[in-house]
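Asker: Protein sequence lines, in the order shown, are assigned to chains A and B. Numbering-wise (my numbering), the first sequence opens with residue 175 and increments by one. Numbering-wise (my numbering), the second sequence opens with residue 175 and increments by one.
In case anyone wonders, no lab produced these hints; they're calculated from the structure. These numbers were taken from a predicted model, which means no experiment stands behind them. One or more of the hints may lead you astray.
Because identical chains share one entry, a pair is satisfied inside a single copy or across any pair of copies.
[Said to hold, decoys possible] Taking lysine to aspartate or glutamate pairs in the EDC-like style, the calculated list, with each CA pair at most 20 Å apart, reads:
1. 183 x 315
2. 183 x 216
3. 228 x 328
4. 228 x 310
5. 183 x 328
6. 228 x 253
7. 183 x 227
2 protein chains.
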Amino acid sequence: MRNPVELSKAYRLLNHGPTVIVSAAHGGRRNAMAAAWAMPLDFAPPKVAVVLDKSTFTRTLIEGAGTFALNVPCRALADATFALGSTSGRDEADKIGHLGLATFDATAIDAPLLEGCVAWLECRLLPEPHVQQAYDLFLGEVVAAQADARVFTDGRWHFGPGQDELRTLHHIAGGAFFTVGDALQARLPR
Amino acid sequence: MRNPVELSKAYRLLNHGPTVIVSAAHGGRRNAMAAAWAMPLDFAPPKVAVVLDKSTFTRTLIEGAGTFALNVPCRALADATFALGSTSGRDEADKIGHLGLATFDATAIDAPLLEGCVAWLECRLLPEPHVQQAYDLFLGEVVAAQADARVFTDGRWHFGPGQDELRTLHHIAGGAFFTVGDALQARLPR
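Put together the whole structure using the sequences plus the hints.
Answerer: This is the structure we're talking about:
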């Protein structure tokens, strides 16, 4: 079940550094790509930063639409995440459909959200032409967020027994990923 | 044992999204702070991005020195990482020393590197006043990198049996961290 995430807690979806899938739609085309380089940028209003290479078709769509989504994939989607990061949608009619991936509509923007992910952040591009051009760095404000209620509730991720397939992915290189591991609570010195 | 990491592989140290400790020195002062919002920005030359709140003393030192280091802490340093993220060095003579943390000298810049971490990236600030001011976003070029040879060799992290204390930290909130979990290899469709 997908639950809305309050915007003040949306940064928590990315705080632990998962690999994301960036999706966008514009002018009758849609696409999605994997991106290991994404992070929160602010709490309230929540903002994010993501690196999008100039060669990517998703970047072209985002520049046209002014909106994008960050989908947080899990272990069950590892092969799909690798595939989305290994081929370009520029030369294909519909990379998402070709890979057999199901999508659903975003709530606040026009972008495909990927079924089977465990969180989704819908973003409005914050145009910063200099850093986009010089560093391929794109900034966005999160305008809506959802998460899979099995593993994210009350603003916290929690992966329990039997939920290994729902653990987030953290890219190493070449389609090798870590999944997120155990949680611990640090203590402050007396 | 600390091994140099070739610059073309330095992005791998952050690719899986660990929480970092940012350290810097300037004008006879030094400091370090925890930062969950850091990521690679480019491969070669390697670049990084990190969010530094205006209230932090480490940011003041970085603006003065023009250099900073990203230290990658591990489970054994969870309490220290939480402490470094919970107190300011602005009002203290030496937060690092007060917490009983040992340091060693960086190789290419003037910044304290923290003993017990599992990787270290030495960076030269890439001045971008607009995004620093508007978004607290700091960009840097990595000029030297090292890693703990027990868990990072040939450009790859590998956490084996008995190395749980060396696993990287991924901040959830309020001093709760995930440690990085198991690795898997994704497969492309035929």
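Asker: Each hint should be assessed against the structure and marked as holding or not.
Answerer: Do the hints match the structure? See the list:
1. 183 x 315: within (13 Å within a copy, 31 Å between copies)
2. 183 x 216: within (11 Å within a copy, 28 Å between copies)
3. 228 x 328: For residue 228 and residue 328, neither the intra-copy (37 Å) nor the inter-copy (28 Å) Cα distance is at most 20 Å.
4. 228 x 310: within (7 Å within a copy, 24 Å between copies)
5. 183 x 328: within (9 Å within a copy, 38 Å between copies)
6. 228 x 253: neither (24 Å within a copy, 40 Å between copies)
7. 183 x 227: between (28 Å within a copy, 18 Å between copies)
Hints 3 and 6 from the earlier list are contradicted by this structure; the remaining hints agree with it.
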